[in-house]
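Q: Sequence:
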Amino acid sequence: MGQITPSWAYTLKQLPYKTNFDAEHISKISGASLSLSKKAIKEFVDAGYCKQKKMVYM
Numbered sequence: 001m002g003q004i005t006p007s008w009a010y011t012l013k014q015l016p017y018k019t020n021f022d023a024e025h026i027s028k029i030s031g032a033s034l035s036l037s038k039k040a041i042k043e044f045v046d047a048g049y050c051k052q053k054k055m056v057y058m
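Residue 58 is where the sequence shown ends in the UniProt record's numbering, and the numbering goes up by one at each step.
Hints in this document: simulated from the structure, not taken from any laboratory. Quick caveat, the model's predicted, so the values are computed rather than measured. No residue lacks a Cβ here, since even glycine has one placed at the ideal position from N, Cα and C. One or more hints might be untrue.
Claimed, not checked - Derived BS3-like pairs (lysine-lysine); straight-line CA-CA distance at most 27 Å:
1) 38 / 13
2) 42 / 54
3) 53 / 42
4) 18 / 38
5) 54 / 18
6) 39 / 54
7) 42 / 28
8) 53 / 38
9) 53 / 39
10) 53 / 18
11) 38 / 54
12) 28 / 18
13) 54 / 28
14) 51 / 18
15) 39 / 28
16) 13 / 51
17) 53 / 28
18) 53 / 13
19) 28 / 51
20) 38 / 51
21) 13 / 39
22) 39 / 51
23) 13 / 42
24) 38 / 28
Stated by the list, open to error - Simulated restraints on C-beta separations:
25) 43 / 20: 12 to 20 Å
26) 6 / 54: 25 to 33 Å
27) 47 / 22: 13 to 21 Å
28) 14 / 48: 13 to 21 Å
29) 19 / 47: 26 to 34 Å
Using the sequences provided together with the hints, build the complete structure.
A: Put into structure tokens, the structure is as follows:
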């Protein structure tokens, strides 16, 4: 968890294991804007917590 911004750690923890999600889902569960949600997903991918398949992440 040290590789992502601490404010996104709770959101990452709320994602269901091995379930697809998108930036809109992150926005809904975090209350953040769509733009910030996309940045968070990039952090998750860069840290190895999820991977991208087209515009869906898992």
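Q: Does each hint hold? Answer for all of them.
A: Quick rundown of the hints versus the structure:
no. : hint                : in the structure
1   : 38 / 13             : holds (16 Å)
2   : 42 / 54             : holds (13 Å)
3   : 53 / 42             : holds (13 Å)
4   : 18 / 38             : holds (19 Å)
5   : 54 / 18             : holds (16 Å)
6   : 39 / 54             : holds (16 Å)
7   : 42 / 28             : holds (17 Å)
8   : 53 / 38             : holds (14 Å)
9   : 53 / 39             : holds (16 Å)
10  : 53 / 18             : holds (13 Å)
11  : 38 / 54             : holds (14 Å)
12  : 28 / 18             : holds (19 Å)
13  : 54 / 28             : holds (20 Å)
14  : 51 / 18             : holds (10 Å)
15  : 39 / 28             : holds (15 Å)
16  : 13 / 51             : holds (16 Å)
17  : 53 / 28             : holds (20 Å)
18  : 53 / 13             : holds (20 Å)
19  : 28 / 51             : holds (20 Å)
20  : 38 / 51             : holds (13 Å)
21  : 13 / 39             : holds (16 Å)
22  : 39 / 51             : holds (14 Å)
23  : 13 / 42             : holds (16 Å)
24  : 38 / 28             : holds (12 Å)
25  : 43 / 20: 12 to 20 Å : holds (18 Å)
26  : 6 / 54: 25 to 33 Å  : holds (29 Å)
27  : 47 / 22: 13 to 21 Å : holds (18 Å)
28  : 14 / 48: 13 to 21 Å : holds (18 Å)
29  : 19 / 47: 26 to 34 Å : violated (18 Å)
Checked against the numbered hints given earlier, this structure breaks only hint 29.
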